[in-house]
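Peer 1: So you can see what is in the structure, the chains are spelled out below.
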Amino acid sequence: MSKWLPKSAAARRWLGLTPAYVMIGIFMLVPISIMAVYSFLEPNPYGGVLPEPSVAAYVKLFLEYDLEDNLVFNPGYINIIFRSFQLSIMATVICLVMGFPVAYYITLQPENKRNIYIYLITIPFWTNLLIRTFAWIIILGRGGVIETPLLNLGIIDDSLKMMYTDGAIAIGLTYSYLPLMVLPIYASLEKLDFRLLEAASDLYSSRFQIMTKVVIPLCKPGIVAGCILVFIPCIGAFIAPNLLGGGKKLMLGSLVQFQFASARNWPFGSALSMLLLSAVVVALIFYARSARKKEYIQGTA
Amino acid sequence: MKRALSLLTAFAFSLGATLAKAEGELFIYNWTEYTPPDLVDKFEAETGIKVSVDTYDSNETLLAKLQAGATGYDLVVPSQNFVPIMINEGLIQKVAVYDLPNYANYEDKWKKPEWDSEHEYSAPWQWGTTSFSFHSEEYSGSGESLAEFFEPSEELRGRLSVFPTPDEVISLANIYLGIEFCSEDPKEMKRIQDMLVAQKDYVVAYNNETMSDLITSGEALMTNHWNGYSRLGRLAGAPVQYAYPKEGVVGWFDSLVVPTSAKNVENARKFMNFMMDPVNMAILTESQGYGDAIKGTAQYYSEELKTAPEVNPPSDLNVVFAPTCSPAAQSLIDKVWTKVLQ
Amino acid sequence: MTERDLKSSNMAKAKALPVGHYRGLGVWNFFFMVFLYAPIAVLIFYSFNANRMVINWTGFGVEWYIKAFNNEDIQDAVWNSLIVAFVATGVATTIATIGALILARGGNFKGKTASLGLMMLPLMVPEIVTAVAVLIFFATIGLNWGLGNVIIAHITFCIPFAFMPIRARLEGMDTTMEQAARDLYASEWETFRYITVPMLMPGIVAGAMLSFVISLDDFIITLMVGGAGSTTLPVYIYSMIRRGLTPEINAVSTLLLLFSVAIVTAYWFVSKKSNTKTVH
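Residue numbers (the working numbering), protein chains in the order written: chain A, 1 to 301; chain B, 1 to 342; chain C, 1 to 280.
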C-alpha cells in the first residue's frame, strides 16, 4: 500500500492535502471569486448578469437613480446595513452578558458537574436552527405563550405586539448563538489559575477588582472568540429576520437572499455578499490581533 | 482504505441515482398549497408516474429560481404576465399543447390568450383574482373600496398584511389610482411609491402564504388575499371575508408550462392532458376555489363551491388582467418596490 | 466546594464566600438554563395539541405524529436528508482525516498556516454568502446534478467540522506506540493501519458525528442550491412554517430534535472516552 505513495515527504504532503484543496478551492474559493467578479457587472433585468463592467452595484449602496432618473442619496440600504450591525452587536452583547456569568459559574463546579453543564448547553445548539426559531414564534406571537396568561390575568389588555419587531429578531439571534459564546469563554476560564485570584485578594483587591482586573483580562481571548463566533452568523442571519421579522425588517443576510431569490439583481446581491465578507474579515483580523496579544502576555508571564 | 472505497462507491452510487432519473417521474414546482394531494394521487394511480411537488411563493421567486439554473423541474405554474418573459428568456419550451387529446375541452373564452396565442407552451391551471380580505368580526369597514387597503384607517395600524412581491400589489395600486398598467411615467409611479411607503406604517408583515392564519390569530385585521385561498381560510374556520372593492380587482391566469431543462417532457404533457379532463380539473377547482378554463367542470362542483362568495363575484366587478410590462416599466416597478421594502 | 456548601456558608457569614466566587451566579445559571430549554419545552408541549392552530390549545392528541409519519413528502425529505448527510459525512471525514494527519504530523512546512486557514475557511464565511456563491457557481458552469449539487456543497462545509476534533485528537496523541511499532519492523502501512487509525478512531468518529449533525441541520445552502426533488427535511420544515403554524411542524421538529439529541449524546460519550478535550 505505502509503496504506491511517493517517497518524498513534500510530495506526500501535497498529495494528501489535494482533496481538501480541490473541494474547498473549487467549491468555495472559486465561487467566491466569481461572485466578486459578478459584483462588478451589469444586472440582466430578468436575472443573471450582462458581461458589461460596472460599479453600479456598489454605487447602489449609497446612491440611487430615483424614478425620474436623478442620482440621489439613498439611505435605505445604509439603514439595513446599520440595522444588521446594530442587531448583531446587540445580540452579541446580550449573549456576552448572559453567557459570561454562566461560563464562570460552570468553571467553579467540580469536573463531572462541569461536563454535564457543558452537555446541557450544547444540546440546543445541535437542534435545528429553524426549529429553534419556530419555537419563538409560538412564544412571542399574538395569543402566544407569553401573551395569553397575561391577557387572561388582566395584566395587559391588548397584544404586546412582540412578533415582527427588531426585538423579536434580537431575541431569536441571541437564542440561536448563545452556546457559541459560553463555550469559548468556558474553555479559557478553565485554564485560569485560581491562585492568581487568591494573590490578588491577598493584595487587598476587592471582589469587583478581582473580576475586572484579573479574571476578565486573563480570559479576554475567550471573550473575543465568543463575540466573533456569535457576531459572524448574526450579521449574515436569514432565518431569524425572515421568520421573526415578518419580511419587513430586512437584515443583510435576508437582503442578499432577496436579491437572488426574488429581485433578480445578482450584481447587487454579490456586492452585498462582498460587504458581508469584509465585515467578517475585519472581525477576524480583530481576533487575530487579540490572539497575538494573548501570546505576548503568556510569553512574558 | 476499504472504508474510503465503500464511501466513494456510495457517493458515486447516489450521484448516479440522481443523475439517471428513472422514467416515470414528474417534478412539479408550484405555488404553496396549490397542488391538491388527492389529484396527484389520482394521476399517479392512473399513469404509474411518481410525482413530486416543490413549492414557491411568488412569480418572482419562480423566475429567479429558473434563471439561477434550478433545474430538473418538469412543470411550473407562472401567471399570465410572466409567461412571455419566460418565453423570451428561453426558460420554457414548446410542447404543442394544442395537440393534446383533451385540448378540445379548452373553453373558447380562454382560447388564444395574448400571452400564448397558439397554445404552444401553456395548459390551463386556475384563474382568479387578487384583492384583500378582512376580519369579518373585528374590522369595522366593509371592504367596498381599495382605499381601505391602501390608505388604512387607524385601527389597522400594525395589523395590515401585504404581499411581499410587487407584481400584484402594484397592479392593484394601478387600479386604485386609475394609473395605466405598466406605466413608464415616473411621476405616476411616484404616486404609487408614496402611497405604498405611507401604507408601510400600517403593515405588520409582508406575507403571501399564511394570510388567513394572520387573521385568525388577530395579528392582522386585513390582508392581501386571493379569492380561492380566502375561501380555503374561511372553510378552515378563519373569520375572513373577501372584498370586492368598487374600483376593481386584479385578475390572473396561471398555466402549466414546461421548463427548457425538463427531463420528463412526455410525462409533463401527460399531466397537462390529465388536467384538461373536466373530472380532474373539477377536483382542482373544488379544492382551490378559483375559476377554471375547461368545459364541463361545473357539473362536478359541490353546492358549497357553487355558492361560495369568493367564487361568485358581483356581476359588475371590474377584473383587470395585468399584461407583461416593458423592461422600462419593470425597472420602475422594481425601484418602487425596493423603496417600499427598505 | 459545591453550591450547597456555598449557600450554607453564605448564610453563616457573608464574608466567608471564597475568593473568586460571586453571589447570584447559581440563580443566574438557573435562569439561563430555563431560557435555553423553555422554547424547546414549549415546542414539544404543543406538538401534542389536538387543534389545527398551534397556539390554540384544545386538548391532548398524538394525531399530528401519526399525520407526520404518514406524510409521504416528509418521508422523501427525510430520505434525501439522510443520503446527503451520509455521503457528505463520509467524504468530508475522509478528506479531513488525511488533511489532519498531514497538518498535525507533517512537521512544519511552507504553506502550513495557509492550508490550515483553507481547511477552516468554510467555517468563517457566513452561510448565506456560501449559499449564493455556490449558487452562482453552479449556474455559471451549468452543473445540474440535483441532489449531487447539494451533496457537493455539504461536503465542502462539513470538512472543518470533521477536521477540528480529528486534529485535536492527533495533537493530544502520543507517538511512542507508533515508534515502538516501527522499531518492531512493522511497515509504515501496518503501523498506520493497526496503531494510528485505532488510536485516532475516537477523533474520527467525533468528527463524523459533528459533520453529520451539521449536514442534517443545514437549511439555507440547501434552499439556494437545491433543485427538483432535492428537498431535505429542514427545507421541508421551512415550507411547512410558511404554509401556516400547525402542530404537525412541532411533531416533526420534536422527532428531529430527539434524533439530534441522540447523536450528540453519542458524540459526547465518544469524545469523553477519548481523553482529548474536543469541546467545540
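Keep in mind that a hint or two might mislead.
Dumping the calculated DSS-like pairs for lysine-lysine here, alpha-carbon to alpha-carbon at most 30 Å [claimed, not checked]:
| no. | chain 1 | residue 1 | chain 2 | residue 2 |
| --- | --- | --- | --- | --- |
| 1 | B | K50 | B | K200 |
| 2 | B | K339 | A | K161 |
| 3 | A | K248 | B | K50 |
| 4 | B | K109 | B | K339 |
| 5 | A | K60 | B | K200 |
| 6 | B | K50 | C | K110 |
| 7 | B | K200 | A | K249 |
If you are wondering where the hints come from, they were derived from the structure by calculation, not from laboratory data.
Peer 1: Look at each hint and say if it fits the structure.
Peer 2: Here's how the hints hold up against the structure:
| no. | hint | verdict |
| --- | --- | --- |
| 1 | B/K50 x B/K200 | 44 Å, violated |
| 2 | B/K339 x A/K161 | 25 Å, holds |
| 3 | A/K248 x B/K50 | 38 Å, violated |
| 4 | B/K109 x B/K339 | 39 Å, violated |
| 5 | A/K60 x B/K200 | 22 Å, holds |
| 6 | B/K50 x C/K110 | 54 Å, violated |
| 7 | B/K200 x A/K249 | 11 Å, holds |
Hint compliance for this structure: hints 1, 3, 4, 6 are broken, all remaining hints hold.
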